[in-house]
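Q: Okay, here's what each chain looks like letter by letter:
Number of protein chains: 2
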Amino acid sequence: MEKLFGAIEAGGTKFVCAVGTGPDDLRAELRIPTSTPAATIAAALAFFREQAARGRPIAALGVGSFGPVELDLASPSWGHITSTPKPGWAGTDLAGELGRGLGVPVAFETDVDAAALGEGRWGAAAGLDDFVYVTVGTGIGGGVVAGGRLVHGRQHPEIGHLRVRRDHAADPFPGICPFHRDCLEGLAAGPAIAARWGKPAEELPADHPAWPLEARYLAELAATLALVLSPRKILFGGGVLQQPQLLPLIRQHLPELLAGYLEAPEIAPPALGPRAGLLGALALAEDL
Amino acid sequence: MEKLFGAIEAGGTKFVCAVGTGPDDLRAELRIPTSTPAATIAAALAFFREQAARGRPIAALGVGSFGPVELDLASPSWGHITSTPKPGWAGTDLAGELGRGLGVPVAFETDVDAAALGEGRWGAAAGLDDFVYVTVGTGIGGGVVAGGRLVHGRQHPEIGHLRVRRDHAADPFPGICPFHRDCLEGLAAGPAIAARWGKPAEELPADHPAWPLEARYLAELAATLALVLSPRKILFGGGVLQQPQLLPLIRQHLPELLAGYLEAPEIAPPALGPRAGLLGALALAEDL
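Protein sequences appear in the order of chains A and B. First residue of the first sequence: 0, per numbering that gives the first Met the number 0; consecutive thereafter. First residue of the second sequence: 0, per numbering that gives the first Met the number 0; consecutive thereafter.
In case anyone wonders, no lab produced these hints; they're calculated from the structure. Possibly wrong hints are sitting among the right ones.
Simulated pairs of lysine to aspartate or glutamate, EDC-like, Cα-Cα distance not exceeding 20 Å [stated by the list, open to error]:
id, chain 1, residue 1, chain 2, residue 2
1, A, Lys232, B, Glu157
2, B, Lys232, A, Asp170
3, A, Lys232, A, Glu262
4, A, Lys13, A, Glu96
5, A, Lys85, A, Glu49
6, B, Lys13, B, Glu28
7, A, Lys232, B, Asp71
8, B, Lys232, A, Glu157
9, B, Lys232, B, Glu265
10, A, Lys232, A, Glu201
11, A, Lys13, A, Asp92
12, B, Lys232, B, Glu202
Between the sequences and the hints, there should be enough to build the whole structure, so can you do that?
A: Put into structure tokens, the structure is as follows:
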């Protein structure tokens, strides 16, 4: 019998659970509103148990979780959600409770890292060992894959908080990151765009000056990633990238920033859309 | 009989060759001036053959080379020096000629990546899976280790050419990088310091305003590395770092830049000094 795997995209507003082997073979799927840890985890366990009872037991489970999370396998807190402000969730042993409840091994990553893995397995970075997945929405996050493996380091990359060069005359907006004020996220995430221009990003027309400025900041990010990681591809997704004029503008700025010193990596949209995280969690389970 | 390994630090002015098993067990060592490829490689081969004749044959050879080099194992040009301006060396199949000449497997990396590996095996980053080795001298280079492995990507990191934030009022110096003008190397490598202040870095007194400015640029680099890679440690070496006041100033600026969002990685000097590259080449051979 073919082995089946379980996946959970554990988000702050909903948990999406699925059983299957890949994007074209998801046998069952359930969305659970994220309430208390006890109720949410119980509902997820019930889903996988029911699937097992129906002849669809899973061999392993992959989880892509909202954070912050503990990813150090040597830590007694591995698989826990750590210091989240989300009521009740700080300190939840998410991976442990799921694994013990189902009796299967669990792989555990951040949501954005899981999405990066999903794109690397079945999406726009399929077959690539070196790429970065960037998502620009209410925040800016990224999953970094180098040599075929996620870069974690001590914790995990936080590319949204990179400090970028800016031209204060062209963009006097002070930035809104509560930590750094004018880091990338404070200048270029959705809420920063809305605060700078006085209306939500999605209401700004395609020819609004917001977009060349946004592309310039994201090209600064792409140049930094190119110089530190030498990736083959950088995927830009998330709500803000729904603006189709952005990617061509980023592609235009990037070679100017690299100035011929190295070839610009390919700049592309992700291919899996909102499914990337769930499918990445599935890939995690399959790789265990 | 204990296995011995060969190492070559292949520099633009000299090749250093050694046979042994580690920093406290180098059985023989030879420095060869870098002349033509044919003469230099012949001298290196003669050294290792003589060692073999004396009962010290090597099981494998590691090479840390000046560049640019081809590191893609799938490329027919793997192990070649590619587009160097150094007369006669462009297109030299360095790894291939050494491997065929000695009949042993060859591991091949850039000089700075080899130095990073040396520090990771026997130096200031021993036992760490996630660290960056930065060298600031006539240029600025870096070797990135993530998850215990060198980050190559499509080519290799070029962190010296990162664009850094600057305060044009405080530092109107335009920068001297021929590609980017005011990238990190163009603002903060040894020649940039000399050009800005009108005398070589080593002649500037310890209380010269050059150093707080230099530390600020290097702290920008450290913050970028922390946010992209989450390393445990960043080693700063090279000629410019001979100024002992620099590291404490970098350590002081870095937490300001990260602003409490993540813990600053440890900033430390390398431990192996000019031996890092040679010892890293040895580590490469041992890991084959």
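Q: Run every hint past the structure and note whether it holds.
A: Hint check:
Simply put, Lys232/A and Glu157/B have alpha-carbon atoms about 16 Å apart, close enough for the 20 Å limit, and the pair holds. Restraint check: the Cα-Cα separation between Lys232/B and Asp170/A comes to about 35 Å, which exceeds 20 Å; the hinted pair is violated. Using a Cα cut-off of 20 Å, the hinted pair Lys232/A and Glu262/A holds, with the two alpha carbons roughly 11 Å apart. At most 20 Å may separate the alpha-carbon atoms for a hinted pair to count; Lys13/A and Glu96/A meet this at roughly 18 Å.
Of the pairs offered as hints, the one joining Lys85/A and Glu49/A is violated, with about 29 Å between alpha carbons and a cut-off of 20 Å exceeded. Taken as a hint, the Lys13/B and Glu28/B pair is honoured in the structure, with Cα atoms around 13 Å apart against an allowance of 20 Å. A threshold of 20 Å between alpha carbons decides the hint, and for Lys232/A with Asp71/B the separation of about 16 Å falls inside it, so the pair holds. Between the alpha carbons of Lys232/B and Glu157/A the distance comes to roughly 16 Å, so the proposed pair stays at or under 20 Å and holds.
Between Lys232/B and Glu265/B the alpha-carbon distance is near 5 Å, which keeps this suggested pair within the 20 Å criterion. With a CA separation close to 26 Å, the supplied pair Lys232/A and Glu201/A exceeds the 20 Å bound. The hinted pair formed by Lys13/A and Asp92/A meets the criterion: a straight-line CA distance of about 17 Å does not exceed 20 Å. Annotation: proposed proximity of Lys232/B to Glu202/B is violated, straight-line Cα distance about 29 Å (limit 20 Å).
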